[in-house]
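Peer 1: Chains as they are written, first to last, in this note's numbering: chain A, 1 to 139; chain B, 140 to 527.
Note that these hints are calculated values from the structure, not bench results.
Facing chain B, a subset of chain A residues (Cβ under 8 Å, in silico):
hint : residue
1    : 36
2    : 40
3    : 50
Ideal Cβ placement from N, Cα and C applies to all residues, glycine included.
Residue strings, one per chain:
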Amino acid sequence: MKRLALFTVSVIVAGLVVAYADRGGEEIKASSVKALSINDIQSDPLSFTGEIKINGVAAAFSEADETFFGIMDTAELMACKDLYCGAYALPAKYTGSSPMPKLADVVDVTGSFVKTDTEFYFAVTDFEVRRNIMRLISR
Amino acid sequence: MNIPKLVCKNLLRRKGRFIFTLLGITIGMASFVALLSLGGNMRGEVTKQAGALGANLIITPKNWCAYDQISILTGESLPESLQYDVLDKVSAIDGITAVPYLTQKTAVQNNPVLVTGILPGEMKDFKGWELKEGDYFVSPDERAAVIGSSIANQFDLGLNDVLTIRGGRFPVKAILQATGSNDDASVYLPVSVVQEIYDVEGYISYIAAKVDDITRLDSYIAAVVDVANVAVTSDRQLLSSVLAILGAVNTTLQLIAGVALIAAAFGIVNTMMTATYERRREIGILRAIGAKSSAIFNIFLLESGLYGLLGGVTGVAAGFVVSVFAAPLIAQSDFTALLKGAAPTASLDASIVLRAILFSIVISIASGLYPAWKAAKLTPVEAISHYE
Numbered sequence: 001m002k003r004l005a006l007f008t009v010s011v012i013v014a015g016l017v018v019a020y021a022d023r024g025g026e027e028i029k030a031s032s033v034k035a036l037s038i039n040d041i042q043s044d045p046l047s048f049t050g051e052i053k054i055n056g057v058a059a060a061f062s063e064a065d066e067t068f069f070g071i072m073d074t075a076e077l078m079a080c081k082d083l084y085c086g087a088y089a090l091p092a093k094y095t096g097s098s099p100m101p102k103l104a105d106v107v108d109v110t111g112s113f114v115k116t117d118t119e120f121y122f123a124v125t126d127f128e129v130r131r132n133i134m135r136l137i138s139r
Numbered sequence: 140m141n142i143p144k145l146v147c148k149n150l151l152r153r154k155g156r157f158i159f160t161l162l163g164i165t166i167g168m169a170s171f172v173a174l175l176s177l178g179g180n181m182r183g184e185v186t187k188q189a190g191a192l193g194a195n196l197i198i199t200p201k202n203w204c205a206y207d208q209i210s211i212l213t214g215e216s217l218p219e220s221l222q223y224d225v226l227d228k229v230s231a232i233d234g235i236t237a238v239p240y241l242t243q244k245t246a247v248q249n250n251p252v253l254v255t256g257i258l259p260g261e262m263k264d265f266k267g268w269e270l271k272e273g274d275y276f277v278s279p280d281e282r283a284a285v286i287g288s289s290i291a292n293q294f295d296l297g298l299n300d301v302l303t304i305r306g307g308r309f310p311v312k313a314i315l316q317a318t319g320s321n322d323d324a325s326v327y328l329p330v331s332v333v334q335e336i337y338d339v340e341g342y343i344s345y346i347a348a349k350v351d352d353i354t355r356l357d358s359y360i361a362a363v364v365d366v367a368n369v370a371v372t373s374d375r376q377l378l379s380s381v382l383a384i385l386g387a388v389n390t391t392l393q394l395i396a397g398v399a400l401i402a403a404a405f406g407i408v409n410t411m412m413t414a415t416y417e418r419r420r421e422i423g424i425l426r427a428i429g430a431k432s433s434a435i436f437n438i439f440l441l442e443s444g445l446y447g448l449l450g451g452v453t454g455v456a457a458g459f460v461v462s463v464f465a466a467p468l469i470a471q472s473d474f475t476a477l478l479k480g481a482a483p484t485a486s487l488d489a490s491i492v493l494r495a496i497l498f499s500i501v502i503s504i505a506s507g508l509y510p511a512w513k514a515a516k517l518t519p520v521e522a523i524s525h526y527e
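The following block holds chain B by itself, in its conformation from the complex:
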């Protein structure tokens, strides 16, 4: 009998113990995968949205808090608390291209939808938008709507369908090409029209700006602060401050997963220790017929590694099923409530699957080291002379 066959036979010798040990590592890995997947998705989503913003600087009122900063990246509506003339002052600075955002909400088919007031021409150039259908705004105060592709798909909207926003009727003029960002989930109107229908004339929510020379970012920030009483954040600062909040969530999730994994690892240690004790005679016979201590060591290590492989595969599958059900619950918790659009969603990528299975094998092999060493150091005489 070769070593792989011997390993499989040994594992299945006590079926009940095999199943319960496997369940232990499966549950440990399932919680690890579920929580890693949820946490990773939150980070990924925020990072993606920060990239899609396409700005080097975010100019906001001074009194905005973390909630408002998160809202910029999660596509929520924001207070209209920045005076419009700040845009003129910022745009006048050499080397800065600035566009205003005025974010509000309305309902389409009783679902909340973001309405973003923009300078049509400037925003199209700033974002590099392309049209999927229709014709873009022809004037900066046209009373029509351009919609993101997700809005069109979700509500089955087409060209010339009419949206009712704050009592006003706005025909859909164009549908944007999908960008994969929050841009897809907004209705766009000229900023002057949004100011008028939402009664916020003279105000915008925030300004996004690009700079000509990224190496002089600090001097641009100083220039903006000089001309207007505003807060200026670089896109990297904004991302890192939001990720810092997410980091606290992720750490908690990982700690919970860690405890489950440690418990599973001790389950393997326990199982393998028992196996070492039970199979002393077998070890003795193997040694007596010429098996080296390294072969005994490898047999036990392979057994625990196989637990890791099987537990990893079943754990990944179970973990994803768990994350589908856990995501809405975690999203509603006090801890993640303020994350809103960045709240966890369940999805799994290949790297998480591979890392989790590999991690499961490594943990299991590490757990099997001590029992394997104990088994390998038995001498043939003490092993074969063992009786219950």
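Okay, chain A solo, but in the shape it has when bound:
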């Protein structure tokens, strides 16, 4: 019986501790997400420096250069449900050994921005496919 009481008290204390700790997080913060969205970086990509992680949907693939693909904002695509709704697609380049993501794959891409006189793209060093949302959208 003592163990049960101890367990019950532990659960309550743990809940209260977490609840109290969370109260400090009520302030609205600029961002609390681990991966950035396309919407986050679209307006001012070069303000992000070094290696960053971006979440988006593989929405277009270059026919001229197989290492290039376009990444759309996941939330925007979930709302408009159309790969051709005219939303911004971040040009991304991946030259690694893994197979390229498939159309409508939701991906977390890690890398950095590259800007030259003629080119601007996100150089992907690594990516992780989270799921495919083709069934939720139209092509």
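Starting from the structure of chain A, add chain B where the hints point.
Peer 2: Okay, now just chain B, sitting in the frame of chain A:
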């Protein structure tokens, strides 16, 4: 032995059964509390932001979809697709005070931050902002930044610190007093400066407007539509359309919680039915020494009510712990992805705690009604003559 002691003794007579029944109601209540808390927070956040907008009318391009409407309330950047001259036309309408918003994004210390282009003087009056530190813009095209209090706290920014936005350098001129809304999480620049640095001259994202006579809202909307080819939404329409999307999320969450609770309730019914059967002799003896059937009924009902109280308390605590871990997962689901800033966060308020415990007790008592009735209707003779 009085009734409360008897109830406690009966509950603890079979410790294993007591623990597993309690776990059932704890898990049911935990899922109920976790999902109710997450859903309620989403609604609360959207409603709060709608109030903080401080506008009666939102004027947007005609082709904006639900995603864009949500973005107004969640503080996301929006496309710059409304021509600036629409503001002049709307402002010229008698009884309307209009301010433009041009929302873009930049990064501060590699974190995305909203940049809002405003008409400095007009926006300060419109929102009733107060300054925490520094001096506000002195001209409508000053190349400096005023920042929300959360931005200042989060990035440890102070007066005269320099923000680099699209390659331009903008010293922090003032920090706004906290408002508790998305206003705290933005960097403000004059709209003309934002148009210039983001290459969107002549365009804004949307217009927020206040009207002098709220009872004539429809006539104001008609007047705006007459002068410009735009979509006009009242703040209430905007809120209800966003809440309608949230409603679908909440209904799903509540259905899941409901199933868990029903399973827990049947667990109590099962436990109490077994207890009724096992304790026939005890019931018979109690009846034989003068206990009324109502006393037997109350004993069993109190037992199930006590399950509800204990399960409610442990369920609330466990539910909150679950919601802390579930919130990020739910926020990443396909269903809630488009909610962005309104995506669920874990926090618990006193009303949810009290309602959940009360609900747990009510469900448990309701579950105990049939077993208690079965126990109460036993006659002393049939109860005492029962042998295994």
